[in-house]
Each structure stands twice: as C-alpha cells, then as structure tokens.
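A.B. asks: Input sequences plus hints: build the corresponding full structure.
Chains as they are written, first to last, in full-length UniProt numbering: chain A, 1 to 856; chain B, 1 to 452.
No wet-lab data here; the hints were simulated from the structure.
Where hints are given, some of them may not hold.
[Said to hold, decoys possible] DSS-like cross-link-like pairs, simulated, lysine-lysine; straight-line CA separation at most 27 Å:
#1 A/K803 - B/K360
#2 A/K758 - B/K52
#3 A/K754 - B/K395
#4 B/K389 - A/K758
#5 B/K440 - A/K803
#6 B/K277 - A/K213
#7 B/K52 - B/K360
#8 B/K449 - A/K216
#9 B/K52 - A/K803
#10 A/K771 - B/K440
#11 B/K277 - B/K449
#12 B/K277 - A/K802
#13 B/K395 - A/K771
#14 A/K322 - A/K342
#15 A/K360 - A/K342
#16 A/K477 - A/K336
#17 A/K221 - B/K377
#18 B/K449 - B/K282
#19 A/K322 - A/K373
#20 A/K754 - A/K730
#21 A/K216 - B/K440
#22 B/K2 - A/K204
#23 B/K395 - B/K282
#24 B/K49 - A/K803
#25 A/K478 - B/K4
#26 B/K37 - A/K758
#27 B/K389 - B/K282
#28 B/K80 - A/K812
#29 A/K755 - B/K360
#30 A/K326 - A/K479
#31 A/K479 - B/K395
#32 A/K177 - A/K192
#33 B/K42 - B/K449
#34 A/K221 - B/K360
[What the hints assert, rightly or not] Now the stretches of chain B that chain A is said to cover, found in silico as 3 or more residues with beta-carbon under 8 Å:
#35 5–17
#36 294–308
#37 386–393
Even for Gly, the Cβ is constructed at its ideal location relative to N, Cα and C.
What follows is each chain in one-letter form.
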Amino acid sequence: MVGEKRRSTSKNLAKNKKRKGPHLPNSILKTIANEKRPLNSDEEDDEIDSDDANVDLYEYEEGVPEEESRKNNRYDPVVNYDYELPEDFEDENVESDDDDEGGNSDNEEGEGDVVRHTRMLQAVTGMPSAAFDGESKRKPVLFTEAYPESEFNPTRDVLEGKGLLTIDDFMAPIEGKPGFNDLQKRISRMQKDTQAVVHAPLPKPERERLERKAVKGLVDKEFNKWVHMVKRNREAPTVYFNQNVSLGYSTVGAIASEFQPRTDFEKKMASVLNDNELGEAHDEDGAKLLELNEVSVEDHIKYRDHIAKMRSLLFRHELKSKRIKKIKSKTYHRLKGKDLKKSAMGALMDPEMAKEEAMKQEARRVEERMTLKHKNTGKWAKRMISRGLNVKYDGTRAAISEQLQINATLSRKMNSTNDGSSSDESDDEEELNDGSDQDTPSKLIAKAREKTLKTVEDDEVPNSGLLSLPFMARAMKKKNEEAIEEAKRALEEYEEWENSGGEENSKKTADVSGRRVFGATAKVEAPKESRKDSDNFYDNSDSDNDMEGIENNDLRAVRDTASPVRNTGAITETEKFDDDIENPASKTTFDVALFASGSWKKMKGCQNAETKKKTKKHVPYSKSQDKKESRDEESEDSESEAEQMVDGILTSASKETYEIPSQAELIQRAFAGDDVVDEFEKEKQEVLNQEVPEPEKPVLVPGWGQWTNIQKKRGLPSWMVREHEDAKKKRTLDLKTRKDARLRHVIISEKVDKKAEKLHTTTLPFPYTSKEVFEHSMRMPIGPEFNPATIVGSLNRPEVVKKAGVIIKPLKFEEANPNEKVDDEHPRSNQKQNPKKGGKTGKGQRKGKSKQKTKA
Amino acid sequence: MKIKTLSRSVDEYTRERSQDLQRVFHNFDPSLRPMEKAVEYKRALTAAKLEKIFARPFVGAMDGHRDGVSCMAKNPNYLKGIFSASMDGDIRLWDISSRRTVCQFPGHQGAVRGLTVSTDGNVLVSCGTDCTVRLWKVPRPTLEDSSVSSENFIEPAAEYVWKNAFWAVDHQFEGDLFATAGAQLEIWNHNRASPVQSFQWGTDSVISVRFNPGEPDILATSASDRSITIYDLRMSSAARRIIMMTKTNSIAWNPMEPMNLTAANEDGSCYSFDGRKMDEAKCVHKDHVSAVMDIDFSPTGREFVTGSYDRSVRIFPYNGGHSREIYHTKRMQRVFCVKYSCDATYVLSGSDDTNLRLWKAKASEQLGVILPREQKKHEYNEAVKNRYKHLPEVKRIVRHRHLPKPIYKALGIIRTVNDSKRRKEDRRRAHSAPGTIVTKPLRQRRIIKEVE
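C.D. replies: Pasting the structure below:
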C-alpha cells in the first residue's frame with residue numbers, strides 16, 4: 001500500500017509540475033531556452049510522449065526546473081523514495097524520476113568520481129544507482145516524528161497539501177473485478193452529491209473563536225432583554241425597594257385575625273363560634289325577632305329629631321346656666337332679680353290692670369305727640385339752637401339730645417293694644433311721604449328727624465332669646481351706641497337746618513361747592529363709609545333701613561348742608577349704592593373706590609355725557625330729572641337715582657365760572673409740586689458718584705512741603721497732580737463705558753452685590769443644557785410652607801426609597817408590560833395595597849376585586 | 001347684596017385627640033411670600049452644614065482575626081451575618097448588631113482567598129492557597145447566638161482538594177453552582193469533588209470571578225494578563241474579553257442592571273462597562289490614589305463601595321466620575337475587601353490591620369426608628385440640599401472632606417502629573433499637522449483591545 005501511495009504521489013507531482021508551467025512567465029522563458037538546446041536523450045522524448053498519453057489538457061516542453069537540476073545547491077534537497085520500487089514496475093509514471101536521472105546524467109560528466117562510487121555501491125548492494133546517488137549528493141535528511149501520526153500530528157505530505165488520496169487510487173486495484181461497475185456508479189453518485197460531504201474539523205482555536213462569536217450574540221441578546229427594565233428604573237424619579245414586604249403585624253386586629261385556638265377552652269369557644277348549626281338556628285330565629293322589632297322609618301326619624309332637639313336644648317341651657325352661674329356682679333344679680341320680679345308681676349297682674357297701664361302710656365304718648373314738648377320747641381332750646389350753642393358746648397348738646405330722647409320714647413310706636421292701627425298709620429304716613437317727595441324742605445327734615453328718633457328708640461335690647469345672651473348684648477349695645485351717635489349727629493343737623501330757615505338753605509347750596517372739593521373731605525369719608533358697611537354686616541335690625549328711608553326722602557337736603565352734614569350725606573349715599581345696585585360685588589366696590597379717590601363725579605360725568613351737558617346748560621333741576629327719567633327708563637333704578645343726585649349737586653353748584661378740567665390738566669395739577677425729572681437726575685448722579693467715586697483732590701499732609709517759600713511756590717508735587725489727572729480720566733472713561741451712559745431715564749447699577757452673588761452659579765451645572773431649564777428647575781419652592789401637604793411628599797421624595805433592615809433582592813426579570821405606565825404613576829397606591837396582602841381574608845378580597853375588574 | 005364674611009368651620013381646626021398636632025393653615029399665594037427662594041437657599045445651606053455636623057459614619061470595628069482580612073462574604077439571606085477570612089486560614093462568622101464572632105470555621109492551612117455563601121444562606125464555600133475548596137454548613141441564626149459569648153467551631157461539610165491554589169470563589173445566584181478562580185476558571189457543584197466545568201482562555205491565572213446576580217448563568221472574571229472576560233455557562237464558552245493596560249483586581253455586577261459591571265483596577269480607577277460593548281468603558285470612576293482592591297455594589301444598584309490599597313474606602317455613584325464619600329481612620333491599613341450590606345444601609349471593610357469595620361453608607365443618616373415627621377424633615381432637607389447643590393456655598397460645604405495626608409499629597413501629585421501630560425499633549429498637537437495626533441477619550445485610553 002505504501003508503495004502504491006508513494007507512486008501515486010510521484011505521479012501527481014509530475015502532473016502538477018507540468019500544469020504549473022504556463023502560469024509562470026520565467027518557466028516559459030526556460031522552455032524557449034530548451035528548444036534551442038538539443039535534447040539530451042531519447043528517453044526524454046519517450047517520457048514526454050508517454051505523458052502526452054496521460055495528460056489530456058495541454059503539453060509543452062519544459063526544461064528541468066532549477067530546483068531539480070541541482071546545478072547549485074540553492075534549493076533544499078528533497079528525498080525521493082520512489083526508487084524503492086522494483087525496477088520492473090510497469091507504470092509509466094516513473095518517467096518523472098527518469099527525468100531526474102536525465103538531469104543527473106548531465107551532472108555525471110562533471111562528477112566522474114561520484115558516479116564511479118555509486119556504481120560500486122550498486123554492484124555491492126544490488127540496488128539502483130539512484131538510491132546512492134541522492135545519498136552521496138545531498139545531506140541525509142531525517143524526519144523524526146515525536147508523536148504518532150494522527151489528525152493532530154499530520155504527516156508532511158498532508159501539511160504540504162500534497163499526496164491527497166483520491167477514490168480512483170483505491171478503485172484502481174479492483175478494476176475489472178465483479179461488482180466494480182456497480183461500485184463505481186455509487187461512488188460517482190456520491191461525488192455528485194456535494195451536501196453529504198463531511199469536511200475536516202477546523203483547528204481548535206478557530207473553532208473556539210467561532211463559538212465565542214456565537215455566544216457573544218446570545219449573551220448580548222440575553223442582556224438586551226433587560227433594557228426596558230433598566231431604562232424604566234433609570235428614568236423613574238424615585239425607585240422603590242421592598243415596598244411590599246410586610247414587617248409584621250401593625251394592628252391588633254391583624255394579630256387577632258391570625259389567632260389559633262390552643263387550649264381546651266379556646267377550642268371549645270371556637271367550635272361554638274364556628275358551628276354551622278348554631279349559625280343557622282340564629283339566622284332563623286334572629287330574623288323573626290328582627291321582624292317583630294321593626295320600626296317605621298318615619299317614626300325613627302321623628303324620634304331621632306326629637307332626641308337631637310332635646311339634646312341641643314339641654315346643651316344650650318347647660319352652657320347658659322354655667323356661664324350665668326359664674327357671674328359675680330352684684331348689680332347684675334340685682335337687676336336680674338328685678339327682672340324676675342317684674343315678669344312675675346306681669347304674670348300676676350290681672351288683665352285689667354295691664355290694660356289700664358297701657359292706656360296711661362298711650363295717653364302720655366298722645367300728649368307728647370300733640371305738644372311736642374320735648375322736641376326742643378321750648379324757649380331755651382330754641383335760643384340755644386339759634387345761637388349755635390348746642391354745637392359749642394357739650395353740656396347743652398347733651399341736654400337737648402336728652403330732650404329729644406324723651407320725645408322719642410314717648411312718641412314711639414307702641415306694641416300695645418292698638419298695634420294694627422298704628423302700623424296702618426305709619427303706612428299712611430309713608431305713602432304720604434312718597435307722594436310729597438318734592439315738598440317743602442322743612443317738612444322733609446321733620447320727617448327725617450322723626451324717623452331717626454324712631455330708630456334710636458327701636459334699638460332696644462330684647463330680654464329673651466339668643467340676643468339676650470351677654471356677648472350678643474354687648475355687641476348689640478356697641479352697635480347701637482354707634483348708631484345712636486350717628487343719629488344724634490343727624491338730628492343736630494336737621495335742627496340746625498331747620499333753624500337756619502329756607503332762604504339760608506338756598507344760599508348755602510350756592511355757597512357750598514358740593515362734590516367739587518377733592519381731597520380732604522373725600523378722604524375723611526372713605527373710612528367712615530367702610531365702618532358703616534361693617535355695621536351693616538352685623539345688625540340686620542330695621543334701624544338701617546329706616547335711616548335709609550330718611551335719606552331717600554331728603555337726600556338733596558342732606559347733601560346741601562354744611563360739611564359735617566355732608567359726611568353723613570356721603571355715607572348714606574354710598575350705602576344706597578351698596579343696597580340698591582343689582583350686581584353689587586364689583587360695581588359697588590368700583591363706585592366706592594371712585595368716590596373715595598374723589599374723582600367719582602368726574603367719571604360719572606364722562607360716563608354719560610348727556611348729564612354733563614345738562615349741567616352745563618343749567619337746566620332746572622326738576623326738568624332735568626323728568627328728562628332723565630324718560631330717557632333712562634330701561635336703566636336701573638339705582639343708577640338713575642345716582643345720576644339724579646349728581647345732577648342735583650351739579651345744578652346747584654356749578655355756575656359759569658367753573659369749567660371741567662381735562663384729564664391731563666388734572667394730572668398736572670395733581671403733581672404740580674414735584675419735579676420728577678430733576679429728582680431722578682439727582683438720584684442718578686448720586687448713584688454714579690457712589691459707584692464710580694470722584695477722585696480725591698490731592699492734598700499735602702499739613703506741615704509737609706510747606707516749609708519754605710520755594711516749596712510753597714512749587715505747589716503740589718508733579719506725581720500727585722499726574723495721579724489725580726489719571727484718576728479723573730479714568731473716571732470719565734468709566735462713566736462713558738457704563739451701560740446707562742446714554743440712557744437718560746435709566747439707572748443700571750453695575751455694582752456687584754456680594755450677597756446676591758451667592759445665589760448664582762458661575763457656570764451652568766452639568767446635567768442642564770440651557771439656562772432657562774436650570775432656572776425653571778429652581779423656581780418653585782418645595783417646602784411644606786409653600787405647598788399643600790398633598791404635594792409636599794412627592795416634591796421631596798428621595799431618589800431611592802427603601803426600608804432599613806430589609807434585604808433587597810436583585811432585579812427579577814419581567815416581561816415588558818404595555819400597561820406598566822399606569823403602575824408607574826401610582827407607586828404609592830400599590831404600596832398602600834400591599835400591606836393588606838398579609839391576611840388571608842385580605843388576599844381573598846383582593847383576588848375578588850381583581851376578578852371583578854377583569855370582568856368589567 | 002353680597003356680603004363677604006370670614007367663616008371658619010370648627011371641624012377644620014379642632015384636633016381629634018389632644019396629642020394631635022394643631023392644624024396650621026397656609027395661604028400658598030406666592031405673592032404673599034416673596035422670600036421663599038431665599039428661605040429655601042438658607043435652609044439648604046443649613047442642611048448642608050447639619051449634614052457635616054452629623055456625619056459620623058464609623059459604627060464599629062470587629063476585632064478577632066490574627067492576620068489581615070483577605071475576603072468577606074455577606075449572607076444573602078440573613079442581614080446580620082457576615083463571614084470573613086484572614087490570611088492565616090481563619091474564617092469567622094460575625095454578628096453585625098453585636099459586632100462579635102458567632103462561630104469559627106477552622107481548617108484551612110494557608111491563606112483563605114475566597115469566600116462565598118449560597119443564596120439560601122445555608123452553605124459557605126471557602127477556598128485558598130492550600131489548594132482546597134471547603135464547604136461549610138452555616139449555623140442557623142438563633143436568639144441565643146448573639147448572647148452566648150463562647151465561640152463554637154464548625155467542621156467542614158466537604159473538602160475538595162484540587163490541582164492548583166485558588167484566588168477567588170463566587171456562588172451562583174439561586175443555583176447550586178459556584179466558580180473558583182485559580183490557574184483556570186472552574187465551575188463546581190456542591191456535591192461533586194471535582195469541577196463540573198473548566199474554562200481556560202490564555203495561560204494566565206484568573207484572579208477574580210463574580211456571577212451576575214440578574215443573569216445567574218453569566219459570570220465575569222479578571223485574569224493576571226490584565227484581561228476581563230465574560231463567560232456564559234449555558235454555552236459553556238467565553239463571550240467577550242478585553243485587555244486593559246493594568247490588571248483588574250475585582251469585578252462587581254450591578255444587581256439592578258444585569259448588563260453592567262464595574263471593574264476595580266490596579267491603576268486606582270474603576271471602570272463601568274456595558275457587557276454588550278466592552279471596547280469602551282461607560283464611566284471611569286476616579287479618586288483612589290492607589291490600586292483598588294475590592295468593589296461591591298449596593299443592592300439598590302445606585303452606588304458601589306470600593307476598598308483601596310491607599311487605606312481608604314470610597315463610595316461612588318454608579319454613574320458618577322468621582323466618589324461621593326471617603327471613609328478612613330488612622331488605624332485602618334490597606335483595605336483588601338469591602339461589602340455593601342444587603343439592605344444598602346451599611347458598608348463593611350476588611351483591612352490588613354486584622355479588623356473588620358462597619359460604616360454607615362450615608363455618613364449623616366439617623367439610625368433607628370424614625371417618626372414620620374422626622375422622616376419628612378429629613379427628606380425635605382435632602383431635597384432642598386439637592387436642589388441648591390450647584391450654588392457655590394452649598395457645593396463647597398457638601399463636597400468638603402478631610403483627607404489623610406498621604407492621600408492628599410498623592411492626589412496633588414497625580415493632578416500635577418496629569419496636568420503636565422495634558423499640557424505636553426496640547427503642545428504637541430499645536431505643533432503638528434492637524435489630525436495627526438489623535439487622543440483617545442479617557443474611557444478608551446486604558447483599554448488596549450477587545451479580543452475575539
């Protein structure tokens with residue numbers, strides 16, 4: 001076998017050599033050279049011919065390759081084992097070796113000794129000369145294999161890629177034997193089928209590299225599946241760990257739910273409690289019992305309400321008695337006793353006596369109303385009022401008011417027997433009033449006075465009910481006092497006005513410039529008005545309404561009185577706005593504000609120019625009013641009234657001399673005193689001086705440089721002067737380069753505030769890319785004082801929320817869930833639910849819930 | 001007529017119980033509070049100062065070993081238990097709360113280099129330079145353990161002798177495999193006396209190994225040929241390998257981000273890698289002035305602790321270039337091992353001075369039970385400090401740390417060297433044709449190549 005193999009090797013070698021030929025340009029050159037040279041022997045020709053027979057592709061004459069010619073030992077010697085073959089071997093492929101021989105024959109002539117030596121050896125050993133030929137010429141090459149030949153230690157041939165066995169080689173020996181053709185066919189079929197070919201395994205490093213490449217891909221895939229979780233974790237503002245770990249029981253109920261009966265007694269109890277039969281029995285009987293016990297819903301509600309009422313009454317009474325018991329004042333107790341007695345008396349008194357008493361009272365009242373004895377109609381009172389002493393002296397005023405008070409009490413409407421009639425009377429009176437609105441002023445005043453007095457009288461503390469409670473009483477008293485005071489003042493005014501007479505009145509209206517006076521009076525009015533308002537809030541008694549009634553009736557009169565009178569007038573007016581305007585909230589405030597600022601009238605005038613026109617034309621008052629009414633029918637009642645008032649004032653006040661100034665004029669007049677521009681310039685100069693201070697003038701220290709006349713003459717040293725000049729120049733330059741140098745009306749401070757500097761960063765911090773975003777992130781405060789408690793938690797939550805003492809497990813894989821965003825938004829809600837998981841019942845409930853959800 | 005009145009319901013300001021806090025009503029109108037920003041800044045400043053005042057990170061030292069502590073292992077199932085081993089072959093179980101030895105595991109003849117605990121906390125695996133792997137049964141923690149002062153000794157449950165000395169061991173998360181690093185990487189089963197798998201890529205010995213907690217079949221090793229390698233056990237093959245300029249002493253996987261790992265390098269920096277793209281580090285964590293010996297991730301995955309040969313322990317944010325905290329004491333020597341406690345509240349360090357030290361992970365954190373109001377206050381302080389941390393004064397106070405003199409000086413030297421290098425390179429670039437001198441970014445500079 002070995003021999004055969006080698007033979008075939010040699011054959012292939014020969015083939016290869018020949019096929020290689022045309023590819024090499026230098027070999028072609030050599031061929032050309034060979035052609036010129038005469039052929040050495042016939043053998044060579046034969047060889048070529050024989051080769052021709054074998055090789056079917058191409059053939060050309062090729063010279064001996066250089067490495068085989070052995071002209072010089074430039075090439076490594078190659079061992080030829082072919083000569084081990086027996087001489088008589090008939091295969092024609094041996095020629096290639098002969099070719100070698102031919103080559104050798106060339107050399108033989110030059111190396112006669114060597115040839116002879118080989119011949120000798122040949123003779124001795126009986127072996128072909130070539131065997132010794134190689135030995136003698138070349139170095140003997142020994143190939144020792146350290147390891148047995150295997151796939152890891154291939155032979156040289158294999159490594160060189162030569163000597164590959166083909167199937168033909170194996171087939172050759174059995175050619176012609178039975179079954180050969182069959183075999184041949186099968187083999188050829190196999191050869192055609194390329195897929196079934198098994199390649200030789202790759203070397204290990206290569207294989208591992210490929211393996212690693214595959215693994216790398218798999219590992220990457222494995223890692224990639226975590227990406228969504230990692231991303232979610234990283235982007236979450238807060239990561240929660242162990243939120244669903246229960247740290248044990250938190251409530252007594254939770255502990256009790258886990259109770260397991262241990263002792264006999266407990267077990268017995270448990271068996272009874274959990275007995276089904278008992279439960280059924282109870283259900284049956286218990287239901288019947290319940291039926292019997294049924295109470296109607298109405299009854300129940302009634303009962304409940306009753307109980308609630310009683311309870312509240314009891315509570316109030318308790319409170320009251322508690323407080324009353326605490327009072328130590330003797331006077332209080334005395335008065336209380338009196339009261340009690342009185343009430344007792346009243347109760348005791350027989351109806352006859354009561355009637356008598358009432359009659360007496362009525363008589364007194366009638367008398368008073370007829371004589372008006374106490375209404376300052378007396379000689380003294382008249383005198384006092386005519387001389388104006390009541391204004392001057394407090395005592396006098398007090399006396400007069402006392403009289404009035406008496407009058408009021410006496411002429412007060414009585415809640416006695418003839419109640420209905422009196423009310424009718426009053427109604428009649430009012431009707432009359434309404435009709436005679438434009439009556440003589442004196443009458444109006446009288447009416448007003450009367451009403452005022454009435455209100456003063458009406459403010460009486462009720463003896464029973466909630467308002468009798470002391471703190472209420474106190475508040476009421478205070479209010480009443482104020483109201484009374486005001487009423488008194490009003491009364492005084494009425495009086496004065498009455499006294500001064502009608503002609504004076506007209507004169508006064510002419511004199512008083514009405515609402516045209518800005519400033520002081522208006523300012524006085526504002527707070528008072530507000531006070532009045534606050535009063536309104538608290539007392540809903542009829543006193544106010546009455547007052548208004550008065551003022552409604554004779555507003556004009558009030559308006560036209562002197563300045564103190566005007567106060568109240570103004571008050572009432574604003575009140576009227578408050579009450580009557582339909583959309584009070586905004587409008588009222590608007591009007592009041594205008595009023596307070598003093599330019600109210602002006603605005604009004606602007607609002608409806610018609611009114612203004614009228615005022616200029618001096619249309620008589622009544623006429624104008626008529627006109628107005630006809631025009632403003634659709635307009636609101638209050639508005640028309642307001643305008644009316646304005647008209648009234650203006651008609652009475654404005655003569656030809658007065659012209660309404662323009663807006664600009666008004667402003668100019670308002671800011672006449674201050675020169676803003678000058679002030680600003682001064683201020684700017686100051687700022688400049690402060691920020692860029694003027695250089696100090698060079699001064700010599702006393703005693704220095706003033707010793708002699710020469711020194712004095714010389715003056716300041718030149719360097720000082722130069723320095724000063726430089727400083728001056730620098731200052732001017734600084735001033736010029738300032739940002740506000742060219743802006744006349746602007747001061748831009750260039751002083752760096754060290755304290756403010758602390759609140760700024762020099763550079764934009766890392767994660768931020770724009771200034772705006774950074775500033776925005778700092779804008780809203782996060783403290784509990786600045787935010788509602790519901791947000792503070794989320795604003796201040798740290799990045800990682802974990803429980804101390806609970807082991808945190810590594811991340812567990814979850815599939816990407818499309819609904820998980822919902823969970824992210826409410827991590828807290830999850831957490832809240834989780835602790836409930838602990839109990840079995842809780843779990844069951846949760847399950848049930850979730851089921852419901854899925855169903856829904 | 002519309003009347004506006006002040007009205008208060010009694011219910012709104014009545015307390016249910018006398019212990020309840022009085023409700024306070026605020027008007028949140030910003031126009032009423034023009035100074036809110038200034039107020040909050042001031043609070044931030046105060047919070048920063050308070051943090052400094054309350055910063056007392058050192059909880060206690062655990063003394064008992066007779067030689068330098070070489071490695072530690074935390075019990076993943078029991079918070080209080082920590083195992084430590086020293087260079088003389090001594091292994092101890094400590095009770096952190098009482099800071100005393102619970103029991104000892106004698107048996108190793110040489111230095112113990114690796115220690116790890118199975119995820120259920122029942123089996124302790126140790127290996128060392130005596131070429132043995134020993135498995136121990138961890139005693140169940142009982143109430144008596146902490147009170148009894150007498151130390152009990154435990155016999156190894158199994159002892160496997162192997163061909164070479166070991167450098168490290170790590171247990172798979174929730175599995176029964178563990179990997180040892182020595183002449184090559186070997187995968188063991190609890191019940192087999194010889195490794196079930198072994199990997200070798202190159203001839204250099206493996207010095208550290210760490211399993212991925214998220215992906216239990218993936219592990220990373222570092223070898224003395226300055227390489228970091230990722231293996232996949234399912235394919236029983238390596239996946240990636242990079243060669244760096246210096247050796248990597250230890251590796252830690254991020255437990256919350258299974259693709260990311262951080263390597264503690266000999267050059268004093270830590271490098272965070274993405275396991276899918278190793279040719280450049282995701283982040284370079286610089287601050288140590290000497291080799292980083294060990295690294296461990298916080299279970300929250302937000303920060304990690306490193307122990308260094310420069311006698312300091314530092315805590316880094318997982319995505320920050322510089323440490324947020326440095327811990328050192330006068331007596332602490334070279335730190336060989338560090339661990340983050342399983343609840344992310346404490347940090348443990350084992351050093352050459354035979355002591356284990358327990359630190360708080362947040363230096364100024366208040367320990368013990370915290371009332372909800374207190375908690376809210378702490379949170380607010382933290383939030384406000386975080387908001388104004390960029391302002392110079394707050395930044396200065398928050399960042400200030402006292403450093404031991406050698407570290408301070410070394411930092412100065414490193415800075416100088418780096419500056420001069422940069423200067424030189426700038427000049428070189430300025431004086432050569434544009435584009436001829438290309439500088440690699442810092443994240444790639446220390447990585448030589450990725451091996452296929």
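A.B. asks: Hint by hint, note whether the structure agrees.
C.D. replies: Status of the hints after comparison with the structure:
1. For the hint linking A/K803 to B/K360, the alpha-carbon distance of about 15 Å falls within 27 Å, and the restraint holds.
2. Taking the CA atoms of A/K758 and B/K52, the gap is near 20 Å; set against the 27 Å cutoff, the hint holds.
3. Note on A/K754 and B/K395: the hinted pairing holds, with a Cα-Cα distance of about 17 Å set against a maximum of 27 Å.
4. About 12 Å separates the Cα atoms of B/K389 and A/K758, which keeps this hinted pair within 27 Å; it holds.
5. Among the hinted pairs, B/K440 with A/K803 is inconsistent with the structure: their alpha-carbon atoms are about 43 Å apart, more than 27 Å.
6. Simply put, B/K277 and A/K213 have alpha-carbon atoms about 13 Å apart, close enough for the 27 Å limit, and the pair holds.
7. Between B/K52 and B/K360, the direct Cα distance comes to roughly 14 Å. Compliance with the 27 Å bound is thereby established for this hinted pair.
8. Taking the CA atoms of B/K449 and A/K216, the gap is about 16 Å. The hint holds against a cut of 27 Å.
9. Using a Cα cut-off of 27 Å, the hinted pair B/K52 and A/K803 holds, with the two alpha carbons roughly 24 Å apart.
10. Between A/K771 and B/K440, the direct Cα distance comes to roughly 31 Å. Violation of the 27 Å bound is thereby established for this hinted pair.
11. Distance check on the hinted pair: B/K277 and B/K449 sit about 12 Å apart at the alpha-carbon level, within 27 Å; holds.
12. Proposed proximity of B/K277 and A/K802 is contradicted: the alpha carbons are some 31 Å apart, above 27 Å.
13. Taking the CA atoms of B/K395 and A/K771, the gap is near 19 Å; set against the 27 Å cutoff, the hint holds.
14. For a cut-off of 27 Å, the pair hint linking A/K322 to A/K342 stands: about 24 Å separates their Cα positions.
15. Distance hint between A/K360 and A/K342 is fulfilled; the C-alpha atoms sit about 18 Å from each other, no more than 27 Å.
16. Taken as a hint, the A/K477 and A/K336 pair is honoured in the structure, with Cα atoms around 18 Å apart against an allowance of 27 Å.
17. Our distance criterion of 27 Å between C-alpha atoms is broken by A/K221 and B/K377, whose separation comes to about 45 Å.
18. A C-alpha spacing of about 15 Å is found between B/K449 and B/K282, which places the hinted pair at or below 27 Å, so the restraint holds.
19. A hinted pair counts as satisfied when its Cα atoms are at most 27 Å apart, and A/K322 with A/K373 does not qualify at roughly 47 Å.
20. Between A/K754 and A/K730 the alpha-carbon distance is near 24 Å, which keeps this suggested pair within the 27 Å criterion.
21. With a C-alpha separation of about 25 Å, the suggested pair A/K216 and B/K440 falls inside the 27 Å cut-off, and the hint holds.
22. Restraint check for B/K2 and A/K204: the C-alpha separation of about 97 Å exceeds 27 Å, so the hint is violated.
23. For the given pair, B/K395 sits about 26 Å from B/K282 by alpha-carbon distance, which is consistent with the 27 Å threshold.
24. Of the supplied pair hints, the one linking B/K49 and A/K803 holds, its CA atoms being roughly 26 Å apart against a limit of 27 Å.
25. Restraint check: the Cα-Cα separation between A/K478 and B/K4 comes to about 22 Å, which is no more than 27 Å; the hinted pair holds.
26. Straight-line distance between C-alpha atoms of B/K37 and A/K758 comes to about 12 Å, which keeps the hinted pair within the 27 Å bound.
27. For the hint pairing B/K389 with B/K282, the CA-to-CA distance comes to about 25 Å; that is within 27 Å, so the pair holds.
28. Pair hint B/K80 plus A/K812 holds up; C-alpha atoms about 24 Å apart against a cutoff of 27 Å.
29. Restraint check for A/K755 and B/K360: not satisfied, since their Cα atoms lie roughly 36 Å apart, outside the 27 Å limit.
30. For the hint linking A/K326 to A/K479, the alpha-carbon distance of about 26 Å falls within 27 Å, and the restraint holds.
31. Only pairs whose Cα atoms come within 27 Å are accepted, and A/K479 paired with B/K395 is rejected, the gap being roughly 62 Å.
32. Between A/K177 and A/K192 the alpha-carbon distance is near 24 Å, which keeps this suggested pair within the 27 Å criterion.
33. For a cut-off of 27 Å, the pair hint linking B/K42 to B/K449 is broken: about 51 Å separates their Cα positions.
34. Restraint check: the Cα-Cα separation between A/K221 and B/K360 comes to about 38 Å, which exceeds 27 Å; the hinted pair is violated.
35. With 1 residues carrying a beta carbon less than 8 Å from a beta carbon of chain A, the segment 5–17 of chain B misses the three-residue requirement, and the given coverage is violated.
36. Judged by the Cβ-Cβ criterion of 8 Å, the segment 294–308 of chain B is covered by chain A as claimed, because 4 of its residues qualify and three suffice.
37. Residues of the segment 386–393 of chain B lying with their CB closer than 8 Å to a CB of chain A number 6, which satisfies the three-residue condition for coverage.
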